[in-house]
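In order, the protein sequences belong to chains A, B, C and D. The first sequence lines up with residues 1 to 349 when you count with the numbering used here. The second sequence lines up with residues 1 to 349 when you count with the numbering used here. The third sequence lines up with residues 1 to 379 when you count with the numbering used here. The fourth sequence lines up with residues 1 to 379 when you count with the numbering used here.
These are calculated hints, taken from the structure and not from any lab test. Just so it is clear, the structure is predicted and the values come from calculations on it, not from any experiment. Each hint should be verified, as a subset may be incorrect.
What the hints assert, rightly or not - Straight-line alpha carbon distances no greater than 27 Å define the calculated DSSO-like cross-link-like pairs of lysine-lysine that follow:
hint: 1; chain 1: B; residue 1: K220; chain 2: A; residue 2: K220
hint: 2; chain 1: B; residue 1: K221; chain 2: A; residue 2: K220
hint: 3; chain 1: B; residue 1: K220; chain 2: A; residue 2: K221
hint: 4; chain 1: A; residue 1: K221; chain 2: B; residue 2: K221
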Amino acid sequence: MDFRFSEEQDELRQQARAFLDRRLPAAALGQMADSEPGWDPSTWQEIAELGWLGVSTAEELGGAGLGYLEEAILIEEFGRRLYSGPYLASVGLALPAIPQGQLGELAMGRVRWSLCDSETLRLVPNLMDVDQVVVVERDQVYSVPAAGQPLTSIDATRRMGRLELGPDRELLATGAEAAELALRLRRRKLSALALEAVGLAQQVLEWGVEHARAREQFEKKIGSYQAVSHPLVNSFVEIELARSLAYWAAWLLAGGHEDQLAAPAAYAAAAEAAVNTCERVIQVHGGMGFTWDSPLHRYYKRSLWIQHFGGPPDLHRTQVARQLMLSSEAGPPASQSAPGLRTIARTTR
Amino acid sequence: MDFRFSEEQDELRQQARAFLDRRLPAAALGQMADSEPGWDPSTWQEIAELGWLGVSTAEELGGAGLGYLEEAILIEEFGRRLYSGPYLASVGLALPAIPQGQLGELAMGRVRWSLCDSETLRLVPNLMDVDQVVVVERDQVYSVPAAGQPLTSIDATRRMGRLELGPDRELLATGAEAAELALRLRRRKLSALALEAVGLAQQVLEWGVEHARAREQFEKKIGSYQAVSHPLVNSFVEIELARSLAYWAAWLLAGGHEDQLAAPAAYAAAAEAAVNTCERVIQVHGGMGFTWDSPLHRYYKRSLWIQHFGGPPDLHRTQVARQLMLSSEAGPPASQSAPGLRTIARTTR
Amino acid sequence: MELQDTAEEAEYRARLRAWIAEHLPQELVGLGTRTGRLPLLRQWSRALSDAGYVGLTWPAEYGGGGGRYALEGIILEELARADAPQHLGTIGLGMAGPTIMVHGTGEQKAAHLQRILQAEEIWCQGFSEPGAGSDLASVRTRAELRGDVFLVNGQKVWSSYAHLADWCILVTLSDPDAARYRGLTYLLVDMHSPGVEVRPLRQMTGDADFNEIFFTDVEVPAANVLGEVGGGWQVAMTTLLHERATLGFALTGLLDSGIRRLLALAAANRDAAEPWLAQIAHEWIQLQALKLTAHRSLGQLDRTGMPGPEGSVIKLAWSESSQRMTKLARQLLGETAVLDDGIWNYQQLRSRGNTIEAGTSEILRNIVAERVLQLPRSR
Amino acid sequence: MELQDTAEEAEYRARLRAWIAEHLPQELVGLGTRTGRLPLLRQWSRALSDAGYVGLTWPAEYGGGGGRYALEGIILEELARADAPQHLGTIGLGMAGPTIMVHGTGEQKAAHLQRILQAEEIWCQGFSEPGAGSDLASVRTRAELRGDVFLVNGQKVWSSYAHLADWCILVTLSDPDAARYRGLTYLLVDMHSPGVEVRPLRQMTGDADFNEIFFTDVEVPAANVLGEVGGGWQVAMTTLLHERATLGFALTGLLDSGIRRLLALAAANRDAAEPWLAQIAHEWIQLQALKLTAHRSLGQLDRTGMPGPEGSVIKLAWSESSQRMTKLARQLLGETAVLDDGIWNYQQLRSRGNTIEAGTSEILRNIVAERVLQLPRSR
């Protein structure tokens, strides 16, 4: 057991944070969100040059030959700064379905992707910002050129569109293979949303703590009131627990481990931690937290977007419970439990 | 609209409180609960002499000719002191089913009653302390002599037994009449439990506040810490809201108003307020609240008993929601809403 | 105990309901407190006044209804039931007026009370400042006495109606050297005075329900001091107490119309609603409890004429219920919840302000802890 | 990152599991911390020591395993998995020992460390007093220096294992005139000394997991002061830091066995469980998160040898999860929940202590606020 990221991974995180601090400072967020395209497309080429669009793509295909764990770090850091380009869409959502031959184009920043797993309404994040869309249906997965109408998202930093299906389709998988791919895309979606939520929540908590240290009321720093400090502690606890789950789910995915529980578990915990943290930190800021000028509402809207895009956490939990009870009838669910127990079951089998 | 109790009703409450303070001081509670019968049967005759077993019984039958609102006051006050005799059982649960001819015997303290609405397990509160049991079944209501085995209740101040049905039965209602009576008994049960829960919670909150005013930690009264005072405020709010609902449900019952929502609503709110208050006040007391010598665990166990005897609050809420949605399809549920709106609907129809 | 309208109340309610149905312009239905349609709102407010539906709790000597709180409750309930906007003069009626009645001179009463009732003066409130949220003792807006006028300089925030207001109840710092709470002076300020500038304050919803007010060398006659110079804190406490007096009915009215919409939404989406039924019922139950408790607390007001602290209890529970309700509603929308539906999305964002405006929940809990439970102060 | 056992860890775990299966007496399975069966518990503790499953995190120089925290985690997980009771010497191993290592003299180390490891000395803790819960500065148990002995008088509460203990780590007030926190002295007290009386303290469950200890003119050699006279507060802080160091694994182990029972209960009562599925999963997820976080926090311990504040986080979340879990289980019992089922009823009552013992949740939140979030002190 070793829960530490490698030095290279820590460096990648620092690099991402430095890039975002420089190119997308929190102060510029409002202007960016309210602008016409909603993001700065010039950042995409820079991200490509940093190699972040081909992290898990094989070196011979023009990528870095790393894995999902490195992508996970970037998704979390992009979430921390509410990056509004289609990084989550391309790398977090669509990537496992993109044909090998087209990964190089993605890595070079030439083709951007998104995912449509919404069968009736065909809602697609960043539809107007991408070139291709992976479409998941019951018995097939295919890709189509991005086309359709923009819709008003609840989060101006994550715009939505309604996909229009043209005749031009590339079939990616059918039958059992499609079902398997759909399952993988779903796990990855929940895992990526969890990571983004953790990154976002961490940033908001830091602002809350900063404000509580600086602001005075009734001649004391407000952070010395338990009505302020204890909710912040509750957020800290929720975020730390969600972080552990998010890394666990990412590690399982990165290693190709069979598992249907970790990703929804991480998603449910992280999505709620993010919404709760935003609400608490808005409250801690009082009236200031409620203004348009504060970046907090942008983060709050993203957290709500995450929670709705991934679906109600309690519904995921209900599914998790059903699976656990199936296992429980056949004995303790050792093979589906976190570290220790899960692993020994495998080792001794 | 007038939410005030009458002067006579206020006096009745004072009288009950004085009686209980004298005959069942909080300090004696533990000894009583751990004693062989679990209560002091000599109090029963005193209660009869005070007229409290015939409150709603007509004067010509030996009662006081008052109503359920007065009984509600007594149920709340008995709850406040965890009275462990079969008052709730006789007056709160069984009374509406007791044949007129036998109300005089109850009023004189000669015959004690309980209720069995548990079809499969036949669990009966105070079974060993009463003479007669009203049995509610799907299509009939009848009474039988109390007989059966004692069981270990989670609350030593509210003992339970499993009823054994002998051949000796008196039929009280059948068919539609039985169904109507069963519904009435159910509303009354939930209403009575809500009142008891409010009385209990109020006492526990008062102890919590008292302790928070007196106890010092880190050179300050602990009541000055928001981690202590705010949970107490939350309990105060919950109790005040539950109290309004409990009086509303009692008033509707007392006046014979048609309504299937107020009693479960009051019960759900009051049962949870009671459990939450006990848990918060135990926490506020720290280790002391966790000891056998403190009366708090008695109250906590009663609150849990109430919550299990009435059934999970969320299941009642689900039923309430189903009824509201039925009305909502046919327009706003004005006729089932609290004061104001409910009443005008009636007046203008 | 009588938990239904008396015959008189029922008749009053029925007449009012008919009156609203006849007079409420369709364009104002469901508008809430959102800005826009000001001329119509003014007209509506005057119509309410003219019909005698304003100021029922005010003493008869000032032209009011003589303290008929129960009828006031009915008015607020029925307005909310009809999704009708409140009277524009709500701050004058609920806060400025009652404070002037308690602390005002004869001249001040004569100058303002009648005009507030008749909706001829719209008032706003100047308490909060950027550096002093709930902490009045940190007010920095200066009032310097120069001869017979105070020269006022400073900035206020979170002022509703300031862009429409004729007058402002303003808490100023008149003596920076005085002990905490002793240096404050409470002024009645003409918003049309030179040097007063109002700027809308945009909230997270994108709307501007509130304003900032900037005061630059504004001259306020010394005759406009309410209470004593240096006695502003006591006067402000009277205002805050009244703020939450009949607020309960207005709040539960708002919640009521929200809950009715939530139930309709759930009834229209039965399958989606299934997992949330208990929570939906919980909010309906909470609403009934709040309504009943608002009525229960009228007793105190009727007896003493001064509101008790129950208002804080209702505001506390209401604000959290309001927040939970909008979240619940958005859960029922399924995958379209990522889109702005124009109703519940707005409400969800707006409801975050509910635990901040008119006393943060933290401050209200302190108030209940200290004044009701008599616990030691936490500050 | 490697979130499964290494080959070495897996082998260690497999061997340990087999060992437990072979050596754990059936009578001790599921006993938890309840009193009773003392001789068997002692035997079990010695067997654990003899097999090398005790003291893995202790430095090798004191006979320990040299700091193999990961293996210690495995041991705690596997013991919990088997519903096996902990080693009786848990206070010696987790609190007294580590404190003696940091502050002890050579003689003190020689006298105790080896014996603690080998389960020859059972220790208890004397920190809490009736008048001083979490506030060590309010300790009133007096220690007066008379020649070369301290004369100890006073009362301690909430002491686990005191009825079995050979030694006690005792915080005393040696100088009542000193400034707050400066007058405390930390003593190692022989529980067999004349004047020591232990009385069981009955909890709301009816059991007595804890004790009161009364000290009447107990003579403690001055050589038994740990650290400096008057330096007791610093020494006590070391103890408290270690209290929650590897506690995480023991706690999640307990929760794990509870969650397994809850799932089995739910699987056996599918219809009753239906409305609570999301909540049941929530507790399972919380457990996984706590386990993972316990492993994640080992990094700090492995690097510095001093526990970080993560222990407080785990204790906080664990205690509330434990309370919710037992309530959930009782909801599943249907109408029989009014009866004492002998298992969940006990657990529900016992779990109320979880947010009080070993640092109340309020104190732990203060600790996290101050030490982790670096917020200003609330006291």
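Status of the hints after comparison with the structure:
no.: 1; hint: B:K220 - A:K220; in the structure: holds, 17 Å
no.: 2; hint: B:K221 - A:K220; in the structure: holds, 19 Å
no.: 3; hint: B:K220 - A:K221; in the structure: holds, 19 Å
no.: 4; hint: A:K221 - B:K221; in the structure: holds, 21 Å
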